Each structure stands twice: as C-alpha cells, then as structure tokens.
Amino acid sequence: MQFKSMVISNVEVSPNYFRMRMTAPQELASAVPGQFVMLKVNDAIDPLLRRPFGLFDVGSFVPEYAGCGAQVYCEILYKVVGKGTKLLSALHHGDLVDLLVPLGKGFQMGPAGEEKVLVGGGVGLAPLYYLAKELKERGEKVRLFAGGRNRDDVLCITEFERLGVETYVATDDGTLGERGFVTQVLERHLSSDMRIFACGPTPMLNAVAKMSQKHGVPCQVSMEAYMACGVGACLGCVMKGANHTDETPDYRCVCKDGPVFDSFELQWS
Amino acid sequence: MQRPDMSVVLAGIPMRNPVMTASGTFGYGAEFADYLDLESIGAMVTKGLSLKPKAGNPTPRIVETPGGMLNAIGLQNVGIDAFIEQKLPYLKNVNTPVIANLYGNTLEEYGEVASRLDGLAGVAGIEVNISCPNVKQGGIVFGTDPGAAQEVVSLVKRNTSKPLIVKLSPNVTDVVVMAKACADAGADALSLINTLTGMAIDLERRRPVLANVTGGLSGPAIKPVALRMVWQVAKAVRLPLIGIGGIMNGRDALEFMLAGATAIQVGTASFLDPSAAQRIAQEMEQYLVEHGIESVRSLIGALEV
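Residue numbers (this note's numbering), protein chains in the order written: chain A, 1 to 269; chain B, 1 to 305.
For reference, chain B alone in the conformation it holds in the complex:
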C-alpha cells in the first residue's frame, strides 16, 4: 500500500498533515526546533500577539490538576512589532505555514493588529483569540457575547485578506450560537476549544493557588468537552473546524476528525513532550496504514451516530 495521503486544506491553507500547534504552547516555533522537525507538522500557531508588548499576569501562573493544568499566563507576548522584527524572519525559513494568533485589548486593537499582519509574507493566516479567560479586557469579553463576537470578527475581516480563523471559548451556554455568529461575520474557519475556566485552592494557606485566582484548564481532562463541542458545531456550521482540547496522541486527534474537524491543534501535550506534534502526526499516519485508509480527509465528520 502507498503511504496514506495526510494532507488537508484548511480555509485555503494547504497543510502536509492536520497537526497544528496550539497558540501559547509552542512559543514562536524556534523554542522547539531542537526537539522536532518543524517541517514535519501541518502548521504552527504563534503565541497570541497584541499591538503592544504585554507583561502578563503575576505568578504563580500555572498549576497541575488531575489530568490537566490550569494556566493564567495573561497573554504575555512580545507585541506585533517585535514579532515581525525578531520572530518572523526565523519562521519564514521554515517550510510550514505559520498562523499568527492575535488579540486586542479593545475592538479597535483587533482591527489594527490584523491590518499590520495583512501584507506580511510568511503569515499564512490569522487566528483571532476571542476566548482567553485570563484577561479582563479583550479575549473572553468578545468570546461570550454573540453580538460582540460578530462585531470583532467583522472588523478583523475588513482588515485582512488572509484566511481568518476564530478561536472559540467553551465557557458559554451554547457554543453553537457563538459559532454561528462568527460564521455570519465572515470567519473562514473556527478553532475550538480554548481552555475551560477553573480554579485550584491551597487548603493549608486558604488561598487560591494561582495569583490570578482562576485560570484556564487544559490537557486530557477537557478532551470529552472539546469533542462534544466540535461535534455540535460541525453539525450546525458549514465551516472547516480545528479541534483542540487534550490531544495527546494520534488516536485522540483522529477522534476529533471523526467529530468533524479538518485539522487539530496540539497544546498541553507539547509541554510534557516537546516532540508531541510530530509524534502525533506519525501516529495518525500509522493508524491509517493499519486500517487501510487512503486519505485522512475521508475521516472528517465520518462519525456514525
């Protein structure tokens, strides 16, 4: 049998396989070059970029919980200018699509960051974060109100000619409502889910563990929630989806594809195994070989209910 066809096209972005790295878990790519072949994965998503450099939250920022971790990094990043000057030149030399993840502290900032990225060679698409649970402004404000989401997505759409991915929050009553709002506003693809808001308490000190009090839960603990949400959105919205949430191995990734995802993102797994993204792509391919499946695309939405 020939090697299976692992390639997918996501909102016009051709990828060698469906494995992407999730924003905030893969730095700006270079941090992982010692541990995996950056040209073995489907796409890289950068740390969330803002107009100005952002300090992030006080520490402690992370804590492990059963089967997962809470983080409240607070979107610390170098800012869009430093990204373009210092980080992008390296990424341009890597033959793998780069998706720039962006957010704004205000509506206007979303538009401005998007327009700065628009003309740039080396940026294949943008992913708009409307779902960070750890910052007061920006992020979650736009991610939990369909009207606000529509507004921010429309604005970004007017400021970019690049494929536009919107990253959804699970911290809503009905993720389908949010997905539809973003689709109507012009999103080309949706990625889901961002982290679930959670909390850890230090019993002895009678204090929250995180300085931010609450944080975003990620890792295997959230996979069932993520799968359910991808499946719900896939039934309701005709946009390509990127499945995210606790993907640790090839089997997890393929489950998301069955639920309706065209691609997947590896997040927390890269923290404990810096070569996770490459390994997961290999495991997916291996599964296809073992089951005589010719193309990974044949699995997208192939769930039988």
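Isolated chain A (complex conformation):
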C-alpha cells in the first residue's frame, strides 16, 4: 500500500547512522520481518526515485495528545551515503514522507525449538532486530553475530540485548569485540540444529551462505540491490538464481522474489 507517513523521531544512533520512527496504518502491524519499505523523501525530482529500507521495527504506541488511541509505527535504520539519505537525515518530527509498504518476502522463522542465529553488519542489522523481536516473543533462543569495519558499524547492540539476545561482535579493526570478520566467529559456533538469518554487505552474505551450505545449516539471506520500483516491474534489482546460465537464464527480483532468499536459491561467487 501507498501512504503518507509522519516522522515521529529521527535520531543519529552512531556516526552517520540514523534510526527513524514513522506513523503507519493498522495494516502494517502484520508486516513480516525481512519485508521492506520504499520511501520517497520529498516531492522533488532530484532525488527522483524511492529508496528501499528494511523494516527495523513495527509496533504501536499511544501518542501524548488527548483522545488518541494506539497508533502503529514503523522504524528504519539507515546510513547516510548519498543525497537521498542526507535529506532523510534532516527530517524532523512532523515531516511527511511517502511510503510503499510492506514489500517483498520476509524471513521464514522455522520450527520452534531450534536455535536461531542472526548474522549481520551495518544497516543489515535492521531487519534482524525486527526478526529478533518476533522470535523472542515466540520464546525462541536467539543469538546475534554482528560485524563491521569498526565499532561505529555495530548498531543497536543494546537493543538486541534488551530483548534477551546473546550477542557476539567482531570488527575489522578490533575497536569493538573480536578483531576480524564476524563470519570467523560464527564458524566456531556452528552446529546442525540451528537456523541462520543473515543480512549485510554482499561479501559477508557470500561467506555466510557458503559456510552454512558446507555445514548443512539452513540459511536465509536478505539481499540489498539498486532498485527503481520495488514492485517487480523495473527488473533493475535482479540477482542470479542458483541454476542461472547464459543459456537458461534464471534471474530473481530482490524486491519481489526476495529480499529474503534461501541461500540455495541464489548463485554465490
């Protein structure tokens, strides 16, 4: 659905990373972790296109003004990387943005009882937080492996811990947690009775997908791609399916077939 949403808050949670809360219609309360929004920051033609953001959280709150019932909100977590996100970071309470939501296929949480392992870095932690929240509500055991170049890329760890998620952190420069790739930390903890959910930079997802396949651990990845429309029309965001060849092409739309894929659905380099 398409609607105007009001910014409730927009806070810098780490240098250049922002967490924004917006009003949302009742229907969004049933959004699945892993689904995303396409956001248009203003009516101008530059920036022209919407930007995709994974849902960081969905919930409800009661506004302070009198006589108002519970209001659904959604949150995104984003990094300022260009013109669009720069404008986004300047928005304040009361500003309006235009949203298409909820888009795409989300995570399949799997059977109860197995350990749920989340792996992410940077803004890839966004959909994992909403997922962690839903999993904890179901009483699941959840562990998070978060990585980044430095400690600024490791976001909202306190929020995960507040949910009761056990967290492991690694950074390339060792400024937070272990020094090295989070995938190395993950590998030490792999076991066959877990299910992996990953979202982050493509090289990280590549490593996680291959590792999980090698150890026979079910793994879903949430992909990121340039996209214009978010509804499966522009075909700008495609990725190669596992059996893709030039002769028998098998492209999957990140927006419509994903953004969450089983790791076996895609071709890894």
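Source of the hints: derived by calculation from the structure; they are not laboratory data. Note that the structure is predicted; figures quoted are calculated from it, not measured. It is possible that some hints are incorrect.
Derived lysine to aspartate or glutamate pairs resembling EDC-like cross-links, with alpha carbons at most 20 Å apart [said to hold, decoys possible]:
| no. | chain 1 | residue 1 | chain 2 | residue 2 |
| --- | --- | --- | --- | --- |
| 1 | A | Lys240 | A | Asp262 |
| 2 | A | Lys4 | B | Asp34 |
| 3 | A | Lys79 | A | Glu159 |
| 4 | A | Lys83 | B | Glu204 |
| 5 | A | Lys4 | A | Glu114 |
| 6 | A | Lys141 | A | Glu166 |
| 7 | A | Lys40 | A | Glu75 |
| 8 | B | Lys235 | B | Asp184 |
| 9 | A | Lys105 | B | Asp34 |
| 10 | B | Lys52 | A | Asp262 |
| 11 | B | Lys52 | B | Glu109 |
| 12 | A | Lys4 | A | Asp46 |
| 13 | A | Lys210 | A | Glu187 |
| 14 | A | Lys86 | A | Asp43 |
| 15 | A | Lys40 | B | Asp34 |
| 16 | B | Lys92 | B | Glu109 |
| 17 | A | Lys133 | A | Glu159 |
| 18 | B | Lys180 | B | Asp145 |
| 19 | A | Lys83 | A | Asp98 |
| 20 | A | Lys210 | A | Asp262 |
| 21 | A | Lys79 | A | Asp152 |
| 22 | A | Lys83 | B | Asp202 |
| 23 | A | Lys105 | B | Glu31 |
| 24 | B | Lys52 | A | Asp250 |
| 25 | B | Lys52 | A | Glu247 |
| 26 | A | Lys83 | A | Asp43 |
| 27 | B | Lys92 | B | Asp37 |
Position chain B against the provided structure of chain A, taking the given hints into account.
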C-alpha cells in the same frame, strides 16, 4: 459544466483517456493492480516481448542521475509463449486496451513475433521497439537507419492486422527522417521518445556504474528533448503520435498533447509513484475542468508558435 471528454482514438483503438503506460515500466500490468485501478487508464503497454525468453543484462542495471535514471535492463522478458499463456489471461479480464510491445533479435524474428500476436484476442495493438539502446542486435540497429527501419516496419505490417505503433529512438541526428521512413512503411502511429543513451561513472572505482557501461536515460531530465522531437515529427508526419519522456504530472502530459501527441505514455514516473498513470489522467481532467475545456482532443497539436 459536464465532465470533460477525455477519450481519444489512437490508430483505431478507442481509449477512455490519453494516458498509457510505457513499455518496460509497468511489467505486465498485474504488478500495479494493488496501487491503481487498471481500468482508469487509457491503455497498457507490455514489457517488450521477444520470440524466446530473454535473460537481460548483467547487474548493476540501473542508476539514478540528476532528474532521471539510466537503465540497461537488456529487454529481459518471459518470451511470447509465456506471455500468451501466463500474462495475457489476466489482462483479458481488465477492460483496458493492451498494446503488446515487441522486438526481434533479427529481422525475421520481428515478423514472427508479430504474426504470433496477430490472431490474439485481448491484444488491441502492437508497438514495435526499434529503439532499445541496450542490446546489440535488434532494437537500436533498426532504429537509427531509415532503410533498416523501413524494412522491419514493412515486414511487421505484412504480419499483422492490428494497429501498428512504431517506437522511435531519440539517438539519431534527425528524428523526422526516421518518422517518415516508418510512416512510409505502413506504421499506423508513432511513439516517441525511447531513452537517450547515457553513461554514469564511479569516480572512486574508475569504472562505469552500469555493467553494460552505457544505458538509456529516462525521467524528467529528458522531457525537453522529447517535447521538441514530438513537435518536429507532428509538423512533418500525418500520423497519430504518442508522446513519451519524463511525464510526471497532468501538466507535462498536456504539454505533449499541445506539441502534437494524441496520447502519452507514463514511464519512469510509475517507478516512484505506482499510481502515477491514474493520477496523471485525473490531473489532466482537472486542468480541463479548471480551464473550461470540453474535450481533451481539442488540445492535440494546438500549440501556438
């Protein structure tokens, strides 16, 4: 005042209003059904169809540029058979004319795809793409050489009884020469413009942004070029025209009609606003109401120079 008459007839195809969706920006229609009323627009143009399914180009395929975007999708499509089996049945239930956009990798393929579409109920007309800048064969080869264009349009004409629209490329020295060649070969209408060839460079990586190196520029950035070309062709050729290029709102659409277009196509706007086509039709009608204009047809070619 009564509601203004928004209807137009394009090459024998009656449309409730002049707003069409541009090929490659509206999928096969169903993708947008959640966001607008498919029966509120004038016509739908499908993704470009080829004889065999087509993989398209490697990624990245798109990048935003100031006031526009570059794409090099590479005509990825399900192929004519899958279109007929999987996509057309849905479209048949929508009371809006469907224009099938087609292209061939060879001259012969153009003819073959056209003949496959010819007998089909549910296809009101065909639009021949001789202007895709992103594939080596087909597309642009036929769109930049008047002799080749004439050949492909004549062949398609012999293979179809449906209204034949030819989509022109702006990547030529003189679009009027191409328009005349297509008109002489039997086109029933012309749509223009397709995208302008462009490029984006990643300074840090010292590489082109698009895997295809170059791509087609669309969006508001190309509107002035498109308007100029529609105006030039309208003066030179007695065929109905479809104006395309950066139309974002009702005013843009009406400007194209003044320049000489009978109908218009909404392309890139549908990406950022999936309800754009319906909204634009409403805005056009609103303009007519505000200005006391009884019929949108009275604006076609009404530009005073």
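So, going through the hints one by one against the coordinates:
no.	hint	in the structure
1	Lys240/A - Asp262/A	holds (13 Å)
2	Lys4/A - Asp34/B	holds (16 Å)
3	Lys79/A - Glu159/A	holds (18 Å)
4	Lys83/A - Glu204/B	holds (17 Å)
5	Lys4/A - Glu114/A	violated (40 Å)
6	Lys141/A - Glu166/A	holds (9 Å)
7	Lys40/A - Glu75/A	holds (15 Å)
8	Lys235/B - Asp184/B	holds (16 Å)
9	Lys105/A - Asp34/B	holds (16 Å)
10	Lys52/B - Asp262/A	violated (28 Å)
11	Lys52/B - Glu109/B	holds (10 Å)
12	Lys4/A - Asp46/A	holds (19 Å)
13	Lys210/A - Glu187/A	holds (11 Å)
14	Lys86/A - Asp43/A	holds (15 Å)
15	Lys40/A - Asp34/B	holds (18 Å)
16	Lys92/B - Glu109/B	violated (25 Å)
17	Lys133/A - Glu159/A	holds (10 Å)
18	Lys180/B - Asp145/B	holds (12 Å)
19	Lys83/A - Asp98/A	holds (17 Å)
20	Lys210/A - Asp262/A	holds (12 Å)
21	Lys79/A - Asp152/A	holds (11 Å)
22	Lys83/A - Asp202/B	holds (15 Å)
23	Lys105/A - Glu31/B	holds (15 Å)
24	Lys52/B - Asp250/A	holds (14 Å)
25	Lys52/B - Glu247/A	holds (11 Å)
26	Lys83/A - Asp43/A	holds (14 Å)
27	Lys92/B - Asp37/B	holds (15 Å)
Taken one by one, the earlier hints fail for this structure at numbers 5, 10 and 16, listed in ascending order.
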